[in-house]
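Work out the full structure, taking the sequences as your base and the hints as a guide.
Just so you know, the sequences run in chain order A and B.
With the working numbering applied, the first sequence covers 1 to 572.
With the working numbering applied, the second sequence covers 1 to 122.
Treat the hints with care, since some could be wrong.
Computed far set for chain B versus chain A, every beta-carbon distance over 12 angstroms [to be verified]:
| no. | residue |
| --- | --- |
| 1 | 4 |
| 2 | 6 |
| 3 | 7 |
| 4 | 8 |
| 5 | 10 |
| 6 | 40 |
| 7 | 56 |
| 8 | 58 |
| 9 | 72 |
| 10 | 92 |
| 11 | 105 |
Label pairs and their computed distance ranges (CB to CB) [claimed, not checked]:
| no. | chain 1 | residue 1 | chain 2 | residue 2 | range |
| --- | --- | --- | --- | --- | --- |
| 12 | B | 42 | A | 493 | 49 to 59 angstroms |
| 13 | A | 445 | B | 33 | 25 to 35 angstroms |
| 14 | A | 305 | B | 57 | 43 to 53 angstroms |
| 15 | B | 94 | A | 272 | 26 to 36 angstroms |
| 16 | B | 57 | A | 308 | 38 to 48 angstroms |
| 17 | A | 447 | B | 5 | 28 to 38 angstroms |
List of simulated lysine to any residue pairs, SDA-like, C-alpha gap at most 20 angstroms [stated by the list, open to error]:
| no. | chain 1 | residue 1 | chain 2 | residue 2 |
| --- | --- | --- | --- | --- |
| 18 | B | 101 | A | 320 |
| 19 | A | 121 | B | 106 |
| 20 | B | 101 | A | 180 |
| 21 | A | 325 | B | 72 |
| 22 | A | 128 | A | 265 |
| 23 | A | 325 | B | 69 |
| 24 | A | 325 | B | 94 |
| 25 | B | 16 | A | 325 |
| 26 | B | 101 | A | 120 |
| 27 | B | 101 | A | 129 |
| 28 | B | 108 | A | 113 |
| 29 | B | 16 | A | 261 |
| 30 | A | 251 | B | 65 |
| 31 | B | 99 | A | 119 |
| 32 | B | 81 | A | 119 |
| 33 | A | 325 | B | 90 |
| 34 | B | 16 | A | 184 |
| 35 | A | 121 | B | 94 |
| 36 | A | 325 | B | 98 |
| 37 | B | 81 | A | 318 |
| 38 | B | 81 | A | 114 |
| 39 | B | 99 | A | 318 |
| 40 | B | 81 | A | 120 |
Simulated from the structure, these hints should not be mistaken for lab results.
Since we're looking at a predicted model, the values are computed, not measured.
Idealized CB from N, CA, C, for every residue including glycine.
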Amino acid sequence: MPLNEIVLDMDKVKITRLKTDVLIVGGGAAGCFAASELKLNAPNCDCIVMEKAHIDRSGCLAMGINAINAYLNPGETPDSFVAYIKNEFMGVVREDLLYSIAEGLNSVVHEVEGWGLPIEKDRNGYYKMRGKRSIRIHGERLKPILAERAKRSGAKILNRVVATNFIFDGERVSGAYGFGIRDMTFYVIEAKAVLVATGGASRIYKPNNEGSARNLMWYSPWNVGTGYAMGTRIGAEMTCFENRFVALRVKDVNAPTGTLALGVGAKQINAIGESYLSERYECFGGRKCVTPYRLYATILEDKAGRGPCYLDISHLSDRERRKLKEDFLSMNPSIVLLWADEGLDKKLSCVEICGTEPFIEGGHSEAGYWVDVDRRTTIKGLYAAGDITGGSPKKYASGAWVEARISIKTILADINLNGKIRAVDESDIQNELQRITAPFYNHNQNSVTAREMEERLQKVMDEYAGGISTNYELNDKRLRLARDLLNELLGHLEFLRAENSYELVGCLEIIDRIEVAQVLVEHLFHRRETRWPCYQTRIDFPDRDDRFWLKYVNSVRDTSSGKIKIIKRNLQ
Amino acid sequence: MIYIDKNVCNGCGKSKETMCERICPGDLLFRNNDKKADIRDQGACWVCAACVKACPRHAIELKLPLQIGGNGASLNARVSKGETIWALKDLKGNVEEFKIKSWVDRDKEGCPALISEKADKV
Ligand SMILES: Cc1cc2nc3c(=O)[nH]c(=O)nc-3n(C[C@H](O)[C@H](O)[C@H](O)COP(=O)(O)OP(=O)(O)OC[C@H]3O[C@@H](n4cnc5c(N)ncnc54)[C@H](O)[C@@H]3O)c2cc1C
Ligand code: SF4
Ligand code: SF4
Numbered sequence: 001m002p003l004n005e006i007v008l009d010m011d012k013v014k015i016t017r018l019k020t021d022v023l024i025v026g027g028g029a030a031g032c033f034a035a036s037e038l039k040l041n042a043p044n045c046d047c048i049v050m051e052k053a054h055i056d057r058s059g060c061l062a063m064g065i066n067a068i069n070a071y072l073n074p075g076e077t078p079d080s081f082v083a084y085i086k087n088e089f090m091g092v093v094r095e096d097l098l099y100s101i102a103e104g105l106n107s108v109v110h111e112v113e114g115w116g117l118p119i120e121k122d123r124n125g126y127y128k129m130r131g132k133r134s135i136r137i138h139g140e141r142l143k144p145i146l147a148e149r150a151k152r153s154g155a156k157i158l159n160r161v162v163a164t165n166f167i168f169d170g171e172r173v174s175g176a177y178g179f180g181i182r183d184m185t186f187y188v189i190e191a192k193a194v195l196v197a198t199g200g201a202s203r204i205y206k207p208n209n210e211g212s213a214r215n216l217m218w219y220s221p222w223n224v225g226t227g228y229a230m231g232t233r234i235g236a237e238m239t240c241f242e243n244r245f246v247a248l249r250v251k252d253v254n255a256p257t258g259t260l261a262l263g264v265g266a267k268q269i270n271a272i273g274e275s276y277l278s279e280r281y282e283c284f285g286g287r288k289c290v291t292p293y294r295l296y297a298t299i300l301e302d303k304a305g306r307g308p309c310y311l312d313i314s315h316l317s318d319r320e321r322r323k324l325k326e327d328f329l330s331m332n333p334s335i336v337l338l339w340a341d342e343g344l345d346k347k348l349s350c351v352e353i354c355g356t357e358p359f360i361e362g363g364h365s366e367a368g369y370w371v372d373v374d375r376r377t378t379i380k381g382l383y384a385a386g387d388i389t390g391g392s393p394k395k396y397a398s399g400a401w402v403e404a405r406i407s408i409k410t411i412l413a414d415i416n417l418n419g420k421i422r423a424v425d426e427s428d429i430q431n432e433l434q435r436i437t438a439p440f441y442n443h444n445q446n447s448v449t450a451r452e453m454e455e456r457l458q459k460v461m462d463e464y465a466g467g468i469s470t471n472y473e474l475n476d477k478r479l480r481l482a483r484d485l486l487n488e489l490l491g492h493l494e495f496l497r498a499e500n501s502y503e504l505v506g507c508l509e510i511i512d513r514i515e516v517a518q519v520l521v522e523h524l525f526h527r528r529e530t531r532w533p534c535y536q537t538r539i540d541f542p543d544r545d546d547r548f549w550l551k552y553v554n555s556v557r558d559t560s561s562g563k564i565k566i567i568k569r570n571l572q
Numbered sequence: 001m002i003y004i005d006k007n008v009c010n011g012c013g014k015s016k017e018t019m020c021e022r023i024c025p026g027d028l029l030f031r032n033n034d035k036k037a038d039i040r041d042q043g044a045c046w047v048c049a050a051c052v053k054a055c056p057r058h059a060i061e062l063k064l065p066l067q068i069g070g071n072g073a074s075l076n077a078r079v080s081k082g083e084t085i086w087a088l089k090d091l092k093g094n095v096e097e098f099k100i101k102s103w104v105d106r107d108k109e110g111c112p113a114l115i116s117e118k119a120d121k122v
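This is how it looks when you write it as structure tokens:
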């Protein structure tokens, strides 16, 4: 589409209405698996997958991955898996959800292997372990492999259709609205059940790099928390948003450090060459410390003047180095470019590491929808799977597939295929169409672009809600400021301007991101202790307080006033 | 960021969508008035290489922006049936090639990632 194509009036936006049995919103790891699972178990059940990008390369798996991070290798059991994650997340996890994931991990991985995923094996035919709970794969083409299954399943795939809201009558979700980027079409898709699988939220905080490298980040830049925003708008309960995810990555290019630390045994060293985890942070568990402490220790080294910190790969032979590059090409090609840019004469000996900006997601961390063990959300007709569900961290790609399987089983048990879908209120359709196309009509002096709003959002969150520039630290006063400034920012939404469908999607994304940020700030505000250093460091409440805070912080947004109510729930 | 060699790109002929436009997860690519591929905003690029792998003419290279030390090294990729083949060019023009397994043909129904627009019509 030409860059300057201007859409002048609403008449250009067509309306298309579709009906289906099951609507899957988001065709990523969970969404593609779910489509295949549904059609396998119920060939007569109609299914539509609504995907913002193109399912062949959308979402977190677009670049590929080189390991399945959740798998029970010989010796591991569902109990040991749950115990490990509970310990990593300082006791606040949903053990019921984790257990259900653990039980299903190995069978989904075998299934995807059967679809064509190459998995490395040892001489005896066992999968090559990378860690106790992970295996090595050649996963560059994992996303096209999953997409291929979804296409072949017989589900109808709508690529380049961005979900904007659920169809909701105050009681039940019965479909979703979407905007077709290529065909300028407003989709109204009615369904008996909706599975939301749009992943987590990125681009809330100011990123490590700015301007020309601003989207060279860890999480998919186009997973912007739309599924969360759609849920909170209809009063769905969310959990653990304050458990943000901050990844320890290779500086500038955000390549994974696990490939180096777990894959080739690289040690974390500081600027003076000390292996600081074991030499200085035995109190956190040394080299065996839990994930957030690896990052926290790195930040403490920086603060003490012993930064920058590195992963030491000087012990690798030339052959091992080449193998390492291959591993990265299947997952994060930019680090290989970085090495080539430094010149071949400069030996690859140490790789500088740092923390990313915080992300909100439930695949590594545990922010997301509050669901029951069958993956029903708190709203009737709405189910969730993958990074969008909360309380079950470290489930990664394979956990997303298990959740897809569980949710489809539940949906098939819950819906009546011969039943009717509730009629949509025509005025709801008009209201949503008006809401999403409003930025096409704002062309006065006060109008702002999505990019300008993004800069403001990221600055506020960085400075007052614990971004990189404050070493992720939070306190009461700053969070109150963040709350006020976000409210102020909401006031600018009516001035958002778009001139083509690409810019329009940008406008819809920034609205969703601000709403997610609001929920996040309330969660951060209410947990008055420090449970997970860096993910959630309260400098005004620096200690972990198990007497009061072995609890989930949940929230529900009031559908009429928009106010966010916090609910503390006991562990279950 | 990406570099599109306009001498090599043919705008994917008459296809409705170009192959790079079809695949970019951020919807950053489009066919410009000269019938060549173009990027809306280099700063929004995730450097995911999806377009690099999808271009039938291998006209797109991956690069790093100067901001993070990009010095001109580039990365190209080709997709064959079971492998992804990368060509990494360093500052001196030396090319290092990597052939990496990426798919195992288990059911003889055709290879994902080689299937193009035609498959979308189903
Ligand atoms: C850089 C990176 C590396 C990773 N490495 C590994 C690894 O090595 N091993 C491992 O096991 N796991 C890894 N993970 C985790 C794994 O990728 C995720 O847990 C998994 O992809 C989650 O699946 P999902 O379906 O919830 O989200 P995704 O796979 O991201 O899918 C979400 C989908 O929803 C779509 N979408 C978003 N918004 C909308 C909207 N409004 N309308 C319609 N569609 C929408 C997106 O385009 C996307 O296709 C990694 C993640 C990242 C980000
Ligand atoms: S896919 Fe390649 S040839 Fe086709 S438009 Fe894009 S760059 Fe040009
Ligand atoms: S590298 Fe990825 S994000 Fe960048 S233009 Fe190509 S497909 Fe789009």
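Consistency of the hints with the structure:
1. 4: Answer for residue 4(B): holds, closest chain A Cβ roughly 14 angstroms.
2. 6: At roughly 16 angstroms from the nearest Cβ of chain A, residue 6(B) sits farther out than 12 angstroms, so the non-interface label holds.
3. 7: Fine: 21 angstroms to the nearest Cβ keeps residue 7(B) off the interface.
4. 8: 20 angstroms, holds
5. 10: The claim holds: residue 10(B) sits with its nearest Cβ about 18 angstroms from chain A, beyond 12 angstroms.
6. 40: 6 angstroms, violated
7. 56: 14 angstroms, holds
8. 58: Residue 58(B) is indeed farther than 12 angstroms from all Cβ atoms of chain A, at 15 angstroms.
9. 72: Given that some Cβ of chain A is not farther than 12 angstroms from that of residue 72(B), nearest at about 7 angstroms, it is violated.
10. 92: 7 angstroms, violated
11. 105: Contrary to the label, residue 105(B) does not stay out of reach of chain A, its closest Cβ about 7 angstroms off (not over 12 angstroms).
12. 42(B) <-> 493(A): 49 to 59 angstroms: 27 angstroms, violated
13. 445(A) <-> 33(B): 25 to 35 angstroms: 29 angstroms, holds
14. 305(A) <-> 57(B): 43 to 53 angstroms: 52 angstroms, holds
15. 94(B) <-> 272(A): 26 to 36 angstroms: For residue 272(A) against residue 94(B), whose Cβ atoms are near 34 angstroms apart, the range 26 to 36 angstroms holds.
16. 57(B) <-> 308(A): 38 to 48 angstroms: Because 41 angstroms falls inside the window, the suggested range holds.
17. 447(A) <-> 5(B): 28 to 38 angstroms: Since the Cβ atoms of residue 447(A) and residue 5(B) sit about 37 angstroms apart, the hinted range of 28 to 38 angstroms holds.
18. 101(B) <-> 320(A): Judged against 20 angstroms, a Cα distance of about 17 angstroms means the pair holds.
19. 121(A) <-> 106(B): 16 angstroms, holds
20. 101(B) <-> 180(A): Not OK: residue 101(B) and residue 180(A) at ~35 angstroms, beyond 20 angstroms, violated.
21. 325(A) <-> 72(B): With Cα atoms ~18 angstroms apart, residue 325(A) and residue 72(B) stay inside 20 angstroms; holds.
22. 128(A) <-> 265(A): Status holds; Cα separation ~15 angstroms.
23. 325(A) <-> 69(B): The given pair, whose Cα atoms are some 18 angstroms apart, holds under the 20 angstroms limit.
24. 325(A) <-> 94(B): At roughly 16 angstroms apart (the allowed maximum being 20 angstroms), residue 94(B) and residue 325(A) satisfy the hint.
25. 16(B) <-> 325(A): 36 angstroms, violated
26. 101(B) <-> 120(A): This hinted pair holds, its Cα atoms lying about 10 angstroms apart.
27. 101(B) <-> 129(A): 18 angstroms, holds
28. 108(B) <-> 113(A): Cα-Cα ~14 angstroms, so holds.
29. 16(B) <-> 261(A): The hint is violated at about 45 angstroms.
30. 251(A) <-> 65(B): Roughly 14 angstroms separates the two Cα atoms, so the pair holds.
31. 99(B) <-> 119(A): 16 angstroms, holds
32. 81(B) <-> 119(A): Answer holds: residue 81(B) to residue 119(A) is near 17 angstroms, not above 20 angstroms.
33. 325(A) <-> 90(B): 14 angstroms, holds
34. 16(B) <-> 184(A): 15 angstroms, holds
35. 121(A) <-> 94(B): 33 angstroms, violated
36. 325(A) <-> 98(B): Roughly 9 angstroms between the alpha carbons, so the hint for residue 325(A) and residue 98(B) holds.
37. 81(B) <-> 318(A): The given pair, whose Cα atoms are some 28 angstroms apart, is violated under the 20 angstroms limit.
38. 81(B) <-> 114(A): Holds. Residue 81(B) to residue 114(A) sits at ~17 angstroms (cutoff 20 angstroms).
39. 99(B) <-> 318(A): 17 angstroms, holds
40. 81(B) <-> 120(A): Holds, at about 18 angstroms.
Checked against the numbered hints listed earlier, the structure breaks hints 6, 9, 10, 11, 12, 20, 25, 29, 35 and 37; every other hint is satisfied.
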